[in-house]
Structure formats: structure tokens, C-alpha cells
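Student: Sequence:
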Amino acid sequence: KEGFVIVTAGWVLAATFGSLPYFLYGVFPTFTDAFFESMSGFTTTGATVITNIANIPHGILLWRSLTQWLGGMGIIILSIAILPLLGVGGMQLYKAELPGPVKDKLKPRIAETARILWIVYVIISIVEFILLLFGGMSVFDSLCHTFTTMATGGFSTSDASIAHFSSAYIDAVITVFMLIAGINFSLHYSVLTGNFKTFFKNSELRFFLAVALIATIVVTLNLRLNLFDETAKSLRYASFQVVSIFTTTGYTTDNFASWPALSKIILLLLMFVGASAGSTGGSIKCMRILLIIKHGYKELYRLVHPHAVTTVKLGKRANSGL
1 KEGFVIVTAG
11 WVLAATFGSL
21 PYFLYGVFPT
31 FTDAFFESMS
41 GFTTTGATVI
51 TNIANIPHGI
61 LLWRSLTQWL
71 GGMGIIILSI
81 AILPLLGVGG
91 MQLYKAELPG
101 PVKDKLKPRI
111 AETARILWIV
121 YVIISIVEFI
131 LLLFGGMSVF
141 DSLCHTFTTM
151 ATGGFSTSDA
161 SIAHFSSAYI
171 DAVITVFMLI
181 AGINFSLHYS
191 VLTGNFKTFF
201 KNSELRFFLA
211 VALIATIVVT
221 LNLRLNLFDE
231 TAKSLRYASF
241 QVVSIFTTTG
251 YTTDNFASWP
261 ALSKIILLLL
271 MFVGASAGST
281 GGSIKCMRIL
291 LIIKHGYKEL
301 YRLVHPHAVT
311 TVKLGKRANS
321 GL
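Residue numbers 1 to 322, in the UniProt record's numbering, belong to the letters of the sequence shown in order.
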């Protein structure tokens, strides 16, 4: 019970103090709006009550993006280090996919786990920041969008979101890093330590990448046949929007409300699936969807073979429930 209270109180306090810059600077007329914007940032929700971002001072926009970056790290630590200990919401399930050495590294103390995850988070953020600079973004825009990409939060420095930059290179960089942010961060740690086998054998990761690839192909073909004249343009917009919605980031490069019905339905379904457990992404998470599919298959198999003894495996480990 104490764990639940601490986690809840910490989030509320962070959002309360985070709302002060908005309120004291006069960005919002009421504290309620300031608190909403702050809570949206720290929880990486991405909803906003700002109507004209161009009129907001850079200092406030930087703070707005920073709240998402800090909140994204908080969500990672919460899902990988804290919630599994509390046995909350099936978040402990992702451990079934981790081999002994990686799990042992992440297990001893919450403080040590947090330190490891912070290192991974910062390293990836620095790489994205540098790549965005190469694409012609200003230091300010690169920093803000690095913060909100890694958090899969979606806050931007422009009302037009990423479409404002009109750059295929920037679209590609952000697409890649949204994907990275949607992957379990304990797997990123395994890559940094040279354990590539763990990374590529993870069943949730394979499911996550397979869904993203299939959805991108289908949406690309749908756009090419019904909206755009160029395959490259269709692929550019489809891949970005699929990954943005799938990881619950929320960036946009095109008005997908005008897209064909099939593409919009796919984006809607992806929104409910969400990214990987232990990532900064939201929604149901691929881990749970994968387990639902496997348990569903098991029940259908038992209808045909009622006396069969079957188990649902996640990686090499049996799983008894969701």
C-alpha cells in the first residue's frame, strides 16, 4: 500500500510543481490549465490546452518538453523497477523474456536499476539530438524534439508538429527514434553491453517490429493507390504516422484525417495496441496483446483436443495468465 501511495503522490507533486512556470509566467489564466499541461507532460500523454505555440516563449516550451523527457524516464523506472515488485498490472511479465545476466543486473536495487536506465536513456537522447542537428534543426528545436521523441510524448515547438520542418531526413530520424523509444529499455541495455542475442530473440520485440512493418506496408499501399502519386512519398508518410501512433507519440507530418478509411482504421487499432512493456510508450502494450493471442490460440486448441495439456510460453518460460 505504501508503494502505491508513494508512486501516486510523486506523480501528483511533480505535476503540481511543474505547473508553476506556466502559471507564474502567465501562459495560462488559471492554475487548472497549467496543472493540466504539466500533468500531460509528466505522464507523456501529449494533450495540450495551448492554442498558439508560436507565441509561447522558448523557455516555457523547453520546460514543456523537459517535463515529458523526465516523465518518460519516470515511466520506464516505474514499469521496470517498481511495478514488478508491487505485482501491478502484469508489468512483471516482461521479466520472463529476460535471461539471467540481464535480469540480475536490473534486479538488485531500484537505485542501481535507475542509474543503468538513466545512462541508456541519456545516450540514446544524445545520439538523436546530434542527428537532428545534422538535419538542419536549430539547437532549440533539436533539444525539444529529442526530449519529446524519447518520451513518446509528442509535444512540439510548432502547431504543425513535425510537418513544420518539411524534411524527409528529419521524418526518418524521428521515426527511427520513436521505434527505439517504443522498445523495452532493458533490451537497449543488453545491446549496449554487447548482448545482441537477447535483443533479437525477444518475442515481444519481434511482435512489435512485425506489427509495425506489416502496418506500414499496408498503409503505404493504401496511400499509393488512393492518395499519393509517388511510392516514396506514400512510404514516408505511412511509416512516420504508423510508428507515431503505434508508440503513442502523436507527432504528425500529414493530415491523416483525409487518408483512406483503411489507413485510418489501421491507425486506430495500433493506438489500442501500444508499444512494448518497459518502454516510454502507452496503451495496452504488445506484451499483453501477445499473451491474449497465445491464450486465445490455446483455448481454441483445447476445444479440438480437450484432453491435451498445453502451456503458453513467453520466450522459454511458461505463463499461467495475463
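I should point out that these hints are in silico values taken from the structure, not numbers from a laboratory. Worth double-checking, as some hints may not be accurate.
[Claimed, not checked] In silico DSS-like links for lysine-lysine, alpha-carbon gap of 27 Å or less: (1) K201 / K264; (2) K298 / K201; (3) K294 / K197; (4) K233 / K197.
[What the hints assert, rightly or not] Here are the computed distance ranges between Cβ atoms for each label pair: (5) A160 / N195: 33 to 43 Å; (6) I119 / L300: 41 to 51 Å; (7) A54 / A257: 14 to 24 Å; (8) R206 / F272: 16 to 26 Å; (9) G26 / F200: 45 to 55 Å; (10) I123 / E299: 34 to 44 Å.
As the structure is a prediction and not an experimental result, all values here were calculated from the model. Backbone N, C-alpha and C fix where the C-beta goes; we use that ideal spot for every residue, glycine too.
Student: Could you run down the list of hints and mark each one as holding or not?
Tutor: Against the structure, the hints come out as follows:
As the CA atoms of K201 and K264 are separated by approximately 31 Å, the hinted pair breaks the 27 Å bound. Straight-line distance between C-alpha atoms of K298 and K201 comes to about 22 Å, which keeps the hinted pair within the 27 Å bound. At most 27 Å may separate the alpha-carbon atoms for a hinted pair to count; K294 and K197 meet this at roughly 23 Å. With a C-alpha separation of about 35 Å, the suggested pairing of K233 with K197 is violated against the 27 Å cut-off.
At roughly 41 Å, the beta carbons of A160 and N195 sit within the given window of 33 to 43 Å. Taking 41 to 51 Å as the suggested C-beta distance range, the pair I119 and L300 conforms, at roughly 44 Å. For A54 and A257, the hinted distance range of 14 to 24 Å is satisfied, since their beta carbons lie about 22 Å from each other. The beta-carbon spacing between R206 and F272, approximately 20 Å, falls within the hinted interval of 16 to 26 Å.
One distance hint, 45 to 55 Å for the beta-carbon pair G26 and F200, holds here, with the actual separation near 51 Å. Distance hint check: the CB atoms of I123 and E299 are about 43 Å apart, consistent with the given range 34 to 44 Å.
Against the hints set out earlier in the document, violations occur for numbers 1, 4.
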